[in-house]
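> Given chain A, put chain B in place with the hints provided.
Taken in order, these protein sequences are the chains called A and B. Take 1 as the starting number for the first sequence in my numbering and just add one per residue. Take 1 as the starting number for the second sequence in my numbering and just add one per residue.
By construction, these hints were calculated from the structure, which means they are not laboratory data. Fair warning: there could be bad hints in the mix.
[Stated by the list, open to error] Some chain B residues flagged as far from chain A (calculated, every beta-carbon gap over 10 angstroms):
1. Asp-171
2. Ser-190
3. Glu-210
[As the list claims (entries may be wrong)] With a straight-line Cα cutoff of 20 angstroms, these simulated EDC-like cross-link-like pairs (lysine to aspartate or glutamate) come out:
4. Lys-22(A) <-> Asp-171(B)
5. Lys-12(B) <-> Asp-173(B)
6. Lys-12(B) <-> Glu-241(B)
7. Lys-143(A) <-> Asp-212(A)
8. Lys-360(A) <-> Asp-380(A)
9. Lys-22(A) <-> Glu-259(B)
10. Lys-22(A) <-> Glu-199(B)
11. Lys-393(A) <-> Asp-327(A)
12. Lys-22(A) <-> Asp-173(B)
13. Lys-12(B) <-> Asp-238(B)
14. Lys-22(A) <-> Asp-200(B)
15. Lys-143(A) <-> Asp-226(A)
16. Lys-143(A) <-> Glu-31(A)
17. Lys-143(A) <-> Glu-243(A)
18. Lys-371(A) <-> Glu-386(A)
19. Lys-454(A) <-> Asp-327(A)
20. Lys-22(A) <-> Asp-238(B)
21. Lys-143(A) <-> Glu-173(A)
From the three backbone atoms N, C-alpha and C, an ideal C-beta is built for every residue, glycine too.
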Amino acid sequence: MTDKSTAAVYGSYNARSVLPQKVAQTFVPPEQFWRIVPQSNAIITGPRGSGKTTLLKMLTTAALEHWEHGRAEEARQAVGYTGVFVPADRSWAGQLERTSRPLDEDLRAELGRGAFALHVLRALAGAALYRSVDAENPRGHQKLRSLTREAQEAMARDVSRPWGLPGAVGSFESLRWALSEELAHLGRLARRASRRANAADELLAHPALDIDVIDAAGLLIDRINDMDDDEGHVWMLLIDEIEFLPRSAREPLLEGMRGRDPRIMQKVSLAPYTEIETASDYALGGWSGHDFEYIELTFSDKEDGYDFSRELLEQELVDRNLTPDVDDFLAGPGYFEQPPGSDAYVEGSRNRTAIAELAKKDVSFRAWLDKHGIAVDRIDQLGPTERAATLRKAMPIILLRDEFLAAGGRRRSRKHPPVYTGSASVFAICENNPRLLKALMQRLVDRRDDETGKLGVGAQAETVADACNTYYRHLRAIEIADSGLPDEFLPRALVHTLGQFFEGNVLGESFTSEPALSVTVSAEELERLHPALDHILNALLNYGALVPLGTPEEQRFGLSHMFAPKYRLPLRRGRGVSLRTALGIRPTPRRMEHQPSLPGTEEGERT
Amino acid sequence: MRFNLRVLPFDKRRIVDLPSSAYDGVLATLGYELRSREVPIQLSGARLKHAPAFPDQHVGSYTENRQTLQEAGYEIAPVEDDDFLGLVEAFIGGCRDLAADRLPRIAIDISSMSRGRIAAIVEGLTSDERGTPLVADLLYAPATFDAPASADTPILSVEPVSPWLAGWWDDLDQPLAAVIGVGYELEHASSAIDRLEPEDTYVFVPHGDEAGYAAEVQRANQGLLAASRDIQQVADYDVTEAYQTFQSIDTLVRRLRSEHRVAVVPLGPKIFAACAALVCSLHYPGAQFIRVSAGERREPIIRRANGTVCGLRLITGAVDDSAVYHADLAIPGRLDAADDASVALGAKFGGRQDSNSAPDSSSRSTSHGSRS
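So here's chain A without its partners, still in its complex pose (with noise of 0.2 angstroms):
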């Protein structure tokens, strides 16, 4: 019996729902937060997992109170503004949709905005709540030192009628209160509306389908800045997940950024291949730079987020009582990488026995050694432009090739073969996503030997199989529209060609210093294999599957290196061929006026 199930791939690590006091006590910044900061709009996008979340709750006040890192004070100088954090989720984005499909469109519209109108109100307060309480606190950021019981009640109690809330509200916790109350009632009165067509007028008469997000936050905004003396003082909105609004709730909020009420700014996060429609198309168009900072939580090029990446499992082997020490914990830096300062093709290093090895067993690496007039016995012979030129980009593939073929070019089973571990590895096939490296590094904190507290390199490279292997199972998960679409262009299924493929131009037949490990996309080409292609694509790269390289104009993908252990692939990039190549699909033959007829078809010889 296999275990073929999996467990959850994120599991544990979403920091929605955590507290920002909590989020802050193991946060590690990585560089784009530095960018994050400043006060202006920002647009942050990324995959699952880069860590969106945990930055727009890094730049609230509770959150920025807690952190005791390094360059905490910097970030604390840095942060002038309220930040006013605004969740937004799958759960609640289904419950809205669900509930209000059976509403006319315009109807639901007013409730979609409407409703979080009123959660972004409720954020609102509760910012304002957090900054008056504790005011003394010599760490406290942003604290409404000068705020009285009885100013707090005036300002509850004025913004509480244009917010639609009945009854006596006393303060901003109040307001909070009544808040949540007002949506429950919204939902009750949705709920039924969407049972009765007759129901509907009660349901459009709720104040929270009047409300004006911005000039209601507008108005207690107003009031706390004056008190504080600060009529300039801006307040940012850190909605994540922007994409789970609905079209009527997203609007008002990207085009606030127009700069409507300069008190109020966002920073907004989003899933990078999202189509997102606005009525202006304004906010998300061609003013990256100018109304906002558009911000990507992905590294180019994947040793940028080494640092960040180090830093971070160094936190979580603190966390576990463990010596932050990644290299030594995880068995060095890796098979791929050289130690430094060493002479990587020196007799016996693994380099030069990997070398002279393959040409042993290796047909077309002994021919490509001939080629580039490389003798294997003279290697250290050669000037380091020649080893840049031709050793040093080809020896990844050297190295697969020599732990994955047997004699004759025979592909070997190795199961857990140690080529995956090592520092840099996890790194790279992490693809410096804090949220795999958190789930890999605590999967192989727990195989660590009980008694000597260490983690073998084979139980490593198991660990990082199976997860790997969760990572792809999981890929089930991701959402289609089931518009026909053959099985073969499934996410699952897509991932596997795509990695054969790979895998085929590493371990082929011919060896070759650079495989393709990429494809290329266009337009005409995806609608010509299936108009919802396109679809799979995006989720696939807003899960972190696939990995976009180049410029965007490129249109070029790679696989993420969490596949890298599956298909046998080198832990870099490599140049990119047609996606219909990859997948095997032959060029759609023009119609030919009198097809001829295939043996045995002719209309006489049916059976």
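Just chain B now, with coordinates in the frame of chain A:
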């Protein structure tokens, strides 16, 4: 007025022991499983009989079922999912008309229904706040064990099944807790978790009379169940003890909802879905019923009943506050006793517990009320 729902056990028995004419109406399904006809044929003495077909998947035993159910007097015209709730409401209304001044009694065989239709059944029973009381038996015929299809079915959607059971969150800062009933749908449970990203996960694992089933469920969810770090609690439930299952889910959701948003994901046996739908209906807006859909790519499995039937008895309807408990207790918990009771509407409001009711059943009941 107060809407009341009382849940009682419907103890396991043989299908052939179901009284043929005890019900005013029977609602079943014309499906491709052999078992879709086994309970309704036994109950063919009812006066109002519906077994609507699905518009598609007319494979397996469908043709044979169609003929058998049609001959037994069932209305079998295909019904789209979007129209199914309307059919349920019309069916309930029709049974009320037939019962006239008696307490209407209906049987609903959920064994071959989709989760969407089970949710619509529960909505039909729990949303009619103006309706007079009625007794509804949700019947479930466990299937003999057949190894599941091994097809690599993708997940098409993970979403609330209907507006009625979608829940409605008033605090998005609250963590999401997932309550998942697993089945042998390979990886569906972990895929649902992956999609919903709950903070806490509680897993219900089914077991029943059929050898091989429990092992297959374990196998299909081994990775998930082994990931103890991600799961707060794993509980077994007996598919033939629906009432206990209902109580377990209800208790858990009640406990969780003060500090969580709760998503209930009923995979596996349909009886879990019925229990889950009831719980989500009762705990609105704090709980949502999530349907994981593999669409038509899922390979049909032609199941047959193992000869037994079990389920839940619901007593539902709007009654005066003063009479609510009397109304509940006047209805015996066992079907044979109910046959004899013939409780008239006028009499039951003032009555006390019927002497014919079985003590073991009437002592096992859960009552829920909500303001309309």
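> Any hints this thing doesn't respect? Which numbers, in order?
1, 2, 5, 7, 11, 16, 17 and 20
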